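The task is simple: from the sequences and hints, build the whole structure.
Residue numbers (the numbering used here), protein chains in the order written: chain A, 1 to 401; chain B, 1 to 120.
Honestly, the hints are just simulated from the structure, not real lab data.
Do not rely on the hints blindly, as some may be mistaken.
When the alpha-carbon atoms are kept at most 27 Å apart in a straight line, the in silico DSSO-like pairs for lysine-lysine are as follows [what the hints assert, rightly or not]: (1) 278/A / 215/A; (2) 311/A / 206/A; (3) 278/A / 313/A; (4) 378/A / 399/A; (5) 378/A / 398/A; (6) 24/B / 20/A; (7) 20/A / 106/B; (8) 378/A / 278/A; (9) 24/B / 398/A; (10) 20/A / 65/B; (11) 399/A / 108/A; (12) 24/B / 399/A; (13) 399/A / 20/A; (14) 92/B / 111/B; (15) 313/A / 215/A; (16) 92/B / 106/B; (17) 103/B / 20/A; (18) 193/A / 399/A; (19) 106/B / 330/A; (20) 313/A / 20/A; (21) 102/A / 399/A; (22) 8/B / 106/B; (23) 330/A / 103/B.
Partial selection, computed: residues in chain A whose CB lies under 10 Å from chain B [said to hold, decoys possible]: (24) 6; (25) 11; (26) 83; (27) 87; (28) 94; (29) 332; (30) 360.
Here the structure is a predicted model, which means the values were calculated and not measured.
Ideal Cβ positions, reconstructed from N, Cα and C, are used throughout, including at glycine.
Here are the chains, one letter per residue:
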Amino acid sequence: MDMPRSDVRPVDLDVYSQPKHLEHASEQARARNYQDFLIVDVDSHHYENESYMEVFEYIESPVIRREAIEGASRRTGMLNSQVGYQNTGGRIHRQKFRGREKVPSGYKHKDIAQTIEWMDAMGVDYCCLFPTPMLFLGLHPQVEVETAMCRAYNRWLCERIMAHEPRIVSMLYLPFNDPDAAYRTVKDFADKKGVVGFMVTSPRYKPVHDNAYIKTYALLEEIGKPIAFHAAYSWDDRALQMTNRFISVHALGFMWFNMIHMTNWVINGLPERFPKLKTMWIESGLTWAYSLMQRLDHSYMMRTSDAPTLKEKPSHYMRQMYFSSQPMEKPDDLSLLQATFKQINAETQLVWSSDYPHWDFDLPSVIYDLPFLDETAKRNILGGNAARLFGLDLRPVKKIP
Amino acid sequence: MAEWFVAKASEMRDGDRRIVTAGKREIGVFHRDGAYYAYSNVCLHQGGPACEGMITPNVVDVFAKDRTYQGQVFGDEMHFVCPWHGYEYDMKTGECIGDRRQKLRKFEVVKRGEDIYVVA
Numbered sequence: 001m002d003m004p005r006s007d008v009r010p011v012d013l014d015v016y017s018q019p020k021h022l023e024h025a026s027e028q029a030r031a032r033n034y035q036d037f038l039i040v041d042v043d044s045h046h047y048e049n050e051s052y053m054e055v056f057e058y059i060e061s062p063v064i065r066r067e068a069i070e071g072a073s074r075r076t077g078m079l080n081s082q083v084g085y086q087n088t089g090g091r092i093h094r095q096k097f098r099g100r101e102k103v104p105s106g107y108k109h110k111d112i113a114q115t116i117e118w119m120d121a122m123g124v125d126y127c128c129l130f131p132t133p134m135l136f137l138g139l140h141p142q143v144e145v146e147t148a149m150c151r152a153y154n155r156w157l158c159e160r161i162m163a164h165e166p167r168i169v170s171m172l173y174l175p176f177n178d179p180d181a182a183y184r185t186v187k188d189f190a191d192k193k194g195v196v197g198f199m200v201t202s203p204r205y206k207p208v209h210d211n212a213y214i215k216t217y218a219l220l221e222e223i224g225k226p227i228a229f230h231a232a233y234s235w236d237d238r239a240l241q242m243t244n245r246f247i248s249v250h251a252l253g254f255m256w257f258n259m260i261h262m263t264n265w266v267i268n269g270l271p272e273r274f275p276k277l278k279t280m281w282i283e284s285g286l287t288w289a290y291s292l293m294q295r296l297d298h299s300y301m302m303r304t305s306d307a308p309t310l311k312e313k314p315s316h317y318m319r320q321m322y323f324s325s326q327p328m329e330k331p332d333d334l335s336l337l338q339a340t341f342k343q344i345n346a347e348t349q350l351v352w353s354s355d356y357p358h359w360d361f362d363l364p365s366v367i368y369d370l371p372f373l374d375e376t377a378k379r380n381i382l383g384g385n386a387a388r389l390f391g392l393d394l395r396p397v398k399k400i401p
Numbered sequence: 001m002a003e004w005f006v007a008k009a010s011e012m013r014d015g016d017r018r019i020v021t022a023g024k025r026e027i028g029v030f031h032r033d034g035a036y037y038a039y040s041n042v043c044l045h046q047g048g049p050a051c052e053g054m055i056t057p058n059v060v061d062v063f064a065k066d067r068t069y070q071g072q073v074f075g076d077e078m079h080f081v082c083p084w085h086g087y088e089y090d091m092k093t094g095e096c097i098g099d100r101r102q103k104l105r106k107f108e109v110v111k112r113g114e115d116i117y118v119v120a
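What follows is the structure, given as structure tokens:
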């Protein structure tokens, strides 16, 4: 046997760098020639709580602003939270160690620097950035706090992040518990740089078909920007309270609220009332849509009087909506996934998302490596569909390390 | 096949590990309870650095004789965890804990005098 030179390195869990953490992702990006085509991530995150002191300065009510600032360093503050051990007992360690990382210089804000760093590492050209703890803000007991915090965050995101980085866009948080404030949010922010749509955090208890929202839907349809429903869980939900492990509340919760909102959206005829309004369903995976289409179609045929506005079966309308891919369930029998893709018109309606840096993120390879997609379909799902929806330039701009 | 140098035995204490780049392969070499184990450093899930995460005992649900649930404890099977998503692997076999039919590729580790090599 010969004895060639080997490169050997130790593993030190206390030393963390994002490019190193994602080195295998960069290898995939180079091997699959992602540099040659556009990749758009329609659902990624930052930890806006790390910038809360900046965000709080944008709260317009002086009373709420002081409550937020004074509560920030205390054990309990103005904002709500959720039980949830997403890092699986420390097994997923980027959340624990990312704070120790040296942030790349030359950027206006550390969130821009860290976001561009992982985007390049994965081969992503544009990302749609969303908050993390604020995904639960729709469950806050005080409507005025959601409204104030949402407006402050949207202003901060537009002025401090998106104004300085064209590769970061967002569908802005709609303060859905206050329908008038939701309408004002669209009015005030639709033309801001980087705003490609508006997003409702799904865990909440306001039905989407309420007449109070009609003027907002009409405005969104008029300006041609999509509305998205971003899933999350609530362990305080009466049904989900019965689950006893995070895997359970997460698996069910991320489908649960979107299944309810989707059902209300379709059965109440919103696709017929707003035929040009584009809707997107984020982070519920894909199996829920496959299941719900069949379920609603089956019931609709026996109970058309419950949904008299519909001119087609529920699945017809769902098939015209957009679905983000992550977390993309991958059954052992790939024909099941292929059937799901067919059911949702994946080639035009599926939009890839990473959900990075959260615990169950997906790489572009979850789409690119599927054996039943041709190159055109892969590129549409990974970037083309989202670029057309958001009005993005189709030319790649990333710099894969 | 070739032998790729990993470390001097004296430099790799029990509990240590090394990542060896052997040609185009990345291999994680573990020294655990007096034995050496070597596996591909590419996770079977999405290609993450499978050998570079937490090393942890397995978690076990405890049931009484009447089959009522009594809580959870750490067991005596050692796992290493891919830090990207938490896929766990059996240290002794490389089997994926969620589906033991799937295994990381295993490599032989040899000791020549004071030098440790992985064969790949």
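Against the structure, the hints:
Note on residue 278/A and residue 215/A: the hinted pairing holds, with a Cα-Cα distance of about 15 Å set against a maximum of 27 Å. With a C-alpha separation of about 26 Å, the suggested pairing of residue 311/A with residue 206/A holds against the 27 Å cut-off. Between residue 278/A and residue 313/A the CA atoms are separated by roughly 18 Å; this keeps the pair inside 27 Å, and the hint holds. Pair hint residue 378/A plus residue 399/A holds up; C-alpha atoms about 20 Å apart against a cutoff of 27 Å.
At most 27 Å may separate the alpha-carbon atoms for a hinted pair to count; residue 378/A and residue 398/A meet this at roughly 18 Å. Only pairs whose Cα atoms come within 27 Å are accepted, and residue 24/B paired with residue 20/A is accepted, the gap being roughly 17 Å. At most 27 Å may separate the alpha-carbon atoms for a hinted pair to count; residue 20/A and residue 106/B meet this at roughly 24 Å. In summary, the hint linking residue 378/A to residue 278/A is supported, as the alpha carbons are separated by about 22 Å, within the 27 Å threshold.
Between residue 24/B and residue 398/A the CA atoms are separated by roughly 25 Å; this keeps the pair inside 27 Å, and the hint holds. Pair hint residue 20/A plus residue 65/B does not hold up; C-alpha atoms about 48 Å apart against a cutoff of 27 Å. Note on residue 399/A and residue 108/A: the hinted pairing holds, with a Cα-Cα distance of about 19 Å set against a maximum of 27 Å. In summary, the hint linking residue 24/B to residue 399/A is supported, as the alpha carbons are separated by about 23 Å, within the 27 Å threshold.
Between residue 399/A and residue 20/A the alpha-carbon distance is near 16 Å, which keeps this suggested pair within the 27 Å criterion. Only pairs whose Cα atoms come within 27 Å are accepted, and residue 92/B paired with residue 111/B is accepted, the gap being roughly 18 Å. For the suggested pair residue 313/A and residue 215/A, the alpha carbons sit about 26 Å apart, so the restraint of at most 27 Å is met. Under the criterion of a C-alpha separation no larger than 27 Å, the hint pairing residue 92/B with residue 106/B is consistent with the structure, at around 10 Å.
About 25 Å separates the Cα atoms of residue 103/B and residue 20/A, which keeps this hinted pair within 27 Å; it holds. Between residue 193/A and residue 399/A the alpha-carbon distance is near 23 Å, which keeps this suggested pair within the 27 Å criterion. Pair hint residue 106/B plus residue 330/A holds up; C-alpha atoms about 25 Å apart against a cutoff of 27 Å. Between residue 313/A and residue 20/A the CA atoms are separated by roughly 49 Å; this puts the pair beyond 27 Å, and the hint is violated.
Distance check on the hinted pair: residue 102/A and residue 399/A sit about 20 Å apart at the alpha-carbon level, within 27 Å; holds. Straight-line distance between C-alpha atoms of residue 8/B and residue 106/B comes to about 21 Å, which keeps the hinted pair within the 27 Å bound. Proposed proximity of residue 330/A and residue 103/B is supported: the alpha carbons are some 18 Å apart, at most 27 Å. About 4 Å separates the beta-carbon of residue 6/A from the nearest beta-carbon of chain B, less than 10 Å, and the hint is met.
For residue 11/A, the suggested interface contact is upheld, since its CB lies about 5 Å from the closest CB of chain B, less than 10 Å. Restraint check, residue 83/A versus chain B: the minimum CB separation of about 17 Å is more than 10 Å; hint violated. A least Cβ separation of about 9 Å between residue 87/A and chain B falls short of the 10 Å threshold, and the interface hint therefore holds. With a least beta-carbon distance of about 7 Å to chain B, the hint placing residue 94/A at the interface is held under the 10 Å criterion.
The beta carbon of residue 332/A comes within 9 Å of a beta carbon in chain B, closer than 10 Å, and the hint placing it at the interface holds. For the restraint placing residue 360/A at the interface with chain B, the shortest Cβ-Cβ distance is roughly 6 Å, inside the 10 Å limit, so the hint holds.
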